[in-house]
Amino acid sequence: MVQTIRNILVGVQVWPFAITGFVAIAGAFIALIGAFASSLDVMEFGKAAAGFGAMGFFGWLLFLIALRSPRPEGKKMTALLEVKDLQVRVEDREILHGLSLTVNPGEVHAIMGPNGSGKSTLSHVIAGKPGYEVTGGQILFRGEDLLEMAPDERAAKGVFLAFQYPVEIPGVATMNFLRTALNAQRKARGESEYSTPDFLKKVREVAKSLNIPQDMLKRGVNVGFSGGEKKRNEILQMALFEPSLCILDEMDSGLDIDALRIAADGVNALRSPERAMVVITHYQRLLNYIVPDYVHVMAKGRVVKSGDKHLALELEAAGYAPFEHAA
Amino acid sequence: MVAVQETVERVRRIDVDQYRYGFETLIESEKAPKGLSEDIVRFISEKKNEPAWMLEWRLEAYRRWLTMTEPTWARVNYPKIDYQDLYYYAAPKPKKTLSSIDEIDPEILKTYEKLGIPLREVAILEGVEPPPGGEPSEQRKIAVDAIFDSVSVATTFQKELKKAGVIFMPISEAIREHPELVRKYLGSVVPTSDNFFATLNSAVFSDGSFVYVPPGVRCPMELSTYFRINERNTGQFERTLIIADKGSYVSYLEGCTAPQRDENQLHAAVVELVALDDAEIKYSTVQNWYPGNSEGKGGIYNFVTKRGDCRGDHSKISWTQVETGSAITWKYPSCILRGDNSRGEFYSIAISNGYQQVDSGTKMIHLGKNTSSRIISKGIAAGKSQNTYRGLVTAHRKATGARNYTACDSLLIGDKCGAHTVPYVEAKNSSATFEHEATTSKISEDVLFYCVQRGLSQEEAVGLVVNGFVKDVLQQLPMEFAVEAQKLISISLEGSVG
Ligand SMILES: Nc1ncnc2c1ncn2[C@@H]1O[C@H](COP(=O)(O)OP(=O)(O)OP(=O)(O)O)[C@@H](O)[C@H]1O
Ligand SMILES: [Mg+2]
Chain Z
620 MVQTIRNILV
630 GVQVWPFAIT
640 GFVAIAGAFI
650 ALIGAFASSL
660 DVMEFGKAAA
670 GFGAMGFFGW
680 LLFLIALRSP
690 RPEGKKMTAL
700 LEVKDLQVRV
710 EDREILHGLS
720 LTVNPGEVHA
730 IMGPNGSGKS
740 TLSHVIAGKP
750 GYEVTGGQIL
760 FRGEDLLEMA
770 PDERAAKGVF
780 LAFQYPVEIP
790 GVATMNFLRT
800 ALNAQRKARG
810 ESEYSTPDFL
820 KKVREVAKSL
830 NIPQDMLKRG
840 VNVGFSGGEK
850 KRNEILQMAL
860 FEPSLCILDE
870 MDSGLDIDAL
880 RIAADGVNAL
890 RSPERAMVVI
900 THYQRLLNYI
910 VPDYVHVMAK
920 GRVVKSGDKH
930 LALELEAAGY
940 APFEHAA
Chain B
5 MVAVQETVER
15 VRRIDVDQYR
25 YGFETLIESE
35 KAPKGLSEDI
45 VRFISEKKNE
55 PAWMLEWRLE
65 AYRRWLTMTE
75 PTWARVNYPK
85 IDYQDLYYYA
95 APKPKKTLSS
105 IDEIDPEILK
115 TYEKLGIPLR
125 EVAILEGVEP
135 PPGGEPSEQR
145 KIAVDAIFDS
155 VSVATTFQKE
165 LKKAGVIFMP
175 ISEAIREHPE
185 LVRKYLGSVV
195 PTSDNFFATL
205 NSAVFSDGSF
215 VYVPPGVRCP
225 MELSTYFRIN
235 ERNTGQFERT
245 LIIADKGSYV
255 SYLEGCTAPQ
265 RDENQLHAAV
275 VELVALDDAE
285 IKYSTVQNWY
295 PGNSEGKGGI
305 YNFVTKRGDC
315 RGDHSKISWT
325 QVETGSAITW
335 KYPSCILRGD
345 NSRGEFYSIA
355 ISNGYQQVDS
365 GTKMIHLGKN
375 TSSRIISKGI
385 AAGKSQNTYR
395 GLVTAHRKAT
405 GARNYTACDS
415 LLIGDKCGAH
425 TVPYVEAKNS
435 SATFEHEATT
445 SKISEDVLFY
455 CVQRGLSQEE
465 AVGLVVNGFV
475 KDVLQQLPME
485 FAVEAQKLIS
495 ISLEGSVG
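Read top to bottom, the protein sequences are chains Z and B.
Going by our numbering, the first sequence opens with residue 620, and the numbers climb by one from there.
Going by our numbering, the second sequence opens with residue 5, and the numbers climb by one from there.
Okay, chain B solo, but in the shape it has when bound (with noise of 0.2 Å):
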């Protein structure tokens, strides 16, 4: 009781007004006027230097999302979101047309190295230098590129992934220079009338990463995007599509944070993931957005849609999530399990502290014959946030020998915050097998006062006890990120910092 209501207060102190990555990024920039109108879409259209197509896709989304009414079933609080308030299109003003990353705005590199992201192309991992004269060894490479606000202001090893036929540029750079590829994929995935939040973003989302990795192909390196919301008032709205040809294998990582802001600003995003035959796409999110100070005033609405397509036969998509920020957390990364024998894969840590709102789970929609997936959900509340897990797992008429196993687990920090399970499971075929776990444990105070009876302190306890839990998750991220995740877990539950 006194153990856990000690380190329930102290949870709550420190973590949300600790958000490490709050500071702004003082920078001119260019906007479009506020709000949303079909000029404001031409207006995005014409600054990315579309081609017709592409802002006719933009207006007829728009023209839909204006029929549509914001979707109310989660189990998330809002105030009424104002869409003619927002900005959005936002970008870093550039100096002159750049030609190498030593040209870009030394504000925004000095932000990526205060964020610890590489932009310069270097191995990242600390203490591994490269052999002397040589070059870096291939895994520790990782490619980024940054999005800053609504554009992308660098994305490094672009010739290294070229050499083995890998494509991985901005969308907007995709649009222009790889129209077939966009054309054939985007939308595919999630349709533009998809959902409230899709719909909007595709009338006007303004950049994201796009890759393609040919027939055959294991990427050689880490993909990764980092972004980052700088502007007030900006929404962010970025797009995601990632296409895996037959027999190729890439592995994808984004992260994500803002500044620390009292209004609340929103960030829609789209993901799409193509696997086609025998192809497989690793996706894993660090999310780390500004989750609100203390008393719930400001932080990130974070309403995302993210979808992967298993298309081809023996085909492998795999989600892993760690969500610590956001205000809101709306977000189900799903699976759509269309070929024989594919498999879809969601691992999840999601964190609430203070008052945050996690609704977050995934769908698995198993269509294609002796289709597997697995979900693996660990949900941690603290403070007075509130954390759901929903999930959706269905088999349908075709899909025999569909097998599915589910397991949720969650977490309780102090008597305050909620968790929440909420499964649906459907099989229209009798050759289906579902399997679903679902625990909830409050911290237990034995285990807490064990550990501190061995000398660590009531936080370092804390954190130890949710790293067990959440260990299962964490080895499913790559390794270099893990550590981060890891550190990320207990800074955003104790505040201890390092």
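Pulled out of the complex, with its shape left as it was, chain Z reads as follows (with noise of 0.2 Å):
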């Protein structure tokens, strides 16, 4: 609601300006002719007028500094991703037991935590994976409640996973996945879809800036790609979808050092005000790449801690025994 109004409001900010602008020097100008003609009636009337648009003005301007200045804390701020009290069943076994987080547009949240903690089953349910029953609480994507939407309207919404496991699709060229995919969630929006030459430019840029070889996308999705081509391939995707949500599980593993700094220095190409970004990893040296602005830590299907970047690096030092006391 809020939001909306902030919309109207910016999306006409010109017009006030100019209205209240003219007013003013059109007063003015009265103002200038009364005091020529010596009438004082024109010239009083003028002056009213020159002050009335000139408080119009400054006062529109005034508004609008205060409404794009910095708040506290994104309070006011529609989150992206709010996940409150999230409880998660796989089969019968309660895995997430009340999970809480929220992301607002240009954050980068990093989310660490022992094997079995949850963090994959986390991002699958927030991607709309079947198979995982919510037993309580909800999820919120701007505002809307993201588990009534089909996984594939999450995507062309904006939500994107990139997988800890990236599946192999045999028979399936790459380039032509890309393209359905991509054609797909345009399609979804009502945008149009991408003509064949636009879309061969937009992957060769992206493909290029990944360092990933043309003929790796003539083969089939994943198949025969060693285990960091995968990761790549995920990178990718990610940068010609061009999410609003971006979810890495372990985007990390499988990299040697060099295709490590490529991949995050692909991700951190997507960082913007708009987009926000969760990097589920075990490994405090992803986050020197990818700095976070928020590390969680995730232990037994909850958040056990938040803090900043310098929380990674205690568990570095300290590993999670003691949160998982805290659990």
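In case anyone wonders, no lab produced these hints; they're calculated from the structure.
On a predicted model such as this, the values are computed, not experimentally measured, just so you know.
All C-beta atoms, glycine included, are put in the ideal place defined by N, C-alpha and C.
Take these hints with a grain of salt, some might be off.
Each computed DSSO-like pair below joins lysine-lysine, with the alpha-carbon atoms no more than 27 Å apart [claimed, not checked]:
id : chain 1 : residue 1 : chain 2 : residue 2
1  : Z       : 821       : Z       : 776
2  : B       : 367       : B       : 402
3  : Z       : 806       : Z       : 820
4  : B       : 491       : Z       : 837
5  : Z       : 837       : B       : 475
6  : B       : 475       : B       : 388
7  : Z       : 806       : B       : 491
8  : B       : 250       : B       : 166
9  : B       : 420       : B       : 475
10 : Z       : 849       : B       : 446
11 : B       : 446       : Z       : 837
12 : B       : 84        : B       : 38
13 : Z       : 776       : Z       : 806
14 : B       : 301       : B       : 491
15 : B       : 432       : B       : 367
16 : Z       : 837       : Z       : 849
17 : B       : 84        : B       : 420
18 : Z       : 849       : B       : 475
Covered stretches of chain B, as calculated for chain Z (at least 3 residues, CB under 8 Å) [as the list claims (entries may be wrong)]:
id : stretch
19 : 438 to 452
20 : 457 to 463
21 : 468 to 481
Fit chain to chain and form the complex, with the hints in mind.
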């Protein structure tokens, strides 16, 4: 609601300036004519109009400045992703026991935690993978109920999950897959499909920046790709689809040092004030490349501690043991 | 679990009830009386103005058939067929004698238009315009023989083929015009005594296509036959005979559809191919007979005998089939590798959904020296269907150096369907090398979710995965038909139109 009003105001911001500005200048002009014509009435009217216009002009300016200035800790802003007290079961076993997480546009959150603590489960539930039963809590995406949406609908709205274990699709050329997926998303959003030359140009650009050779794109999706190549292919898709929420599940596993830097650069290039990232990792090293705004520690299906990037260093030194007790 | 469940539900609902070719053409037709007897065989022969030897041939087959019993070894179930409750001959009543395609009953022309079959001689590929004032380019032309119930209604491009020396005409005409060729080759690959359905076909076949490619000629265009069953309670028994003389080449494609009806209809065709020295025949089928509705009611019983004889040295026969239709498919396109260094190939995509039953495969009989064969079979089972690959590879004593490679892959969608692989391998000499690989997999939930996460709908994801699965075989089809076949596969599994 607030968001909408704000959009409307910002959208028409030029007009109040134009109108009030015009009134102020016209008023001043009339006042001047009044002065020359020694007509007190005209001069008074002009002065009043000029004053009125100038007040409106500067008032509007102040209002806009107030609107745009950073507010304390993003309280009034609608979060991009809000996970509230999420409880999830898999085959009659509860895996997430009341997990909460709020991610605002532009932020980078890192999630760390021991094996089996539920990190991938969280990412799967956000993306809508079948087989998980949500028994409590909710997930909002830009204020909308995400759990009500089909997974392809979530993708079209801008939820992207880079998988911990990307699958192989034999017989489906990567290029063909990328194009089918991108056009499906665009179609779902009511946008026009990419023309072939535009699409090829875009893919080539992105592939080049990620050091992905062209002939890899001709092969079946992930078929025979090395572990690192598969991960790079995930980042490629992320760059291509331009999602607003990127969840990266252990993108650093299986990458050598150079590949890690290239992939991290690829991710950093996508950082923007509108886009948020959730980076799941076991290693502090990745966070040297992709510097997070927040770090959360997950243990036994809950977030047990949150902090800034220094928390990752603490973890590196002390391990998870202190936090597991907390859970 | 949930994803696949949903997909399966959706697939079940859409596929079979969504048969797009199920309309019926209202047209007057001429039928033989119901049932089968010597008189009916004579009636058919007379209708076709056949010479005496042909009638004799039919009668012999008929008498033989009376002594045979229906085979039961295939993994298919169906109620007993009452062979006396069928019509064995139906032909659209001609309004007058035809001298050009424009005189064909407009209802029939409309039917083929609806089916997308070009009976007028035009380039068929959409978006490919012939150069202004020029002829359509050679590769784009496809000669069509259209068979409506029991008779051929039109054969296109005859003049141009004649120039090249290629004979392409309804077999009923060939019996009259080229008796020496027909007598020599008819029944030489599939003898009249071969099997129950082939023998029945020999007695009552009504029409089909005949092709002869003279020595050294590369047939200048794709040949194709389009079969359409329209009449109710009518069996369709067509007979195709293709002869590639020394050093010649021909590529041939058949397509089939039928109206949607509650009762089952019988289709028992015989196809014979003969390749002489250095000749090559490429035979492709896109079979889309009506499969029955989602409750398993109606649909075509497709009992077909197809066999190719690599009679000459260095000859080659290759079968490619995309089977998506029919309630029951019983079909084993085979190669007899008689000539030394001859080669047989079988590429198959068989899709079953709803209550369809498919029992299909091939036989590669290695008789000559250094013969080779290759079998690539892709079976996809969805719904409550059963999909069996049945294959036989044999090398006889004299077939030294015989080689075969077989790969059978099955993909299951859901858990109420079944896929079965029944390979028989028999080598009577020690120099034969036979390789066999088989896999059965379920369509992976993880793969589907991956696609859906990237924005594809559930149906699009299934279509994509399946098309990837069958790609090796799809590539074997002539380019124009590969596109069609790909669409057909998507439709038979997802119902996305177009
Ligand atoms: N389909 C399933 N069936 C049964 N248990 C499951 C299933 N999926 C996840 N689990 C269990 O849920 C728990 C959390 O798994 P999850 O994959 O989310 O952990 P993770 O934090 O991503 O671990 P890792 O760091 O090893 O990737 C584990 O104990 C796992 O065994
Ligand atoms: Mg994980």
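Non-conforming hints, listed in increasing numerical order: none
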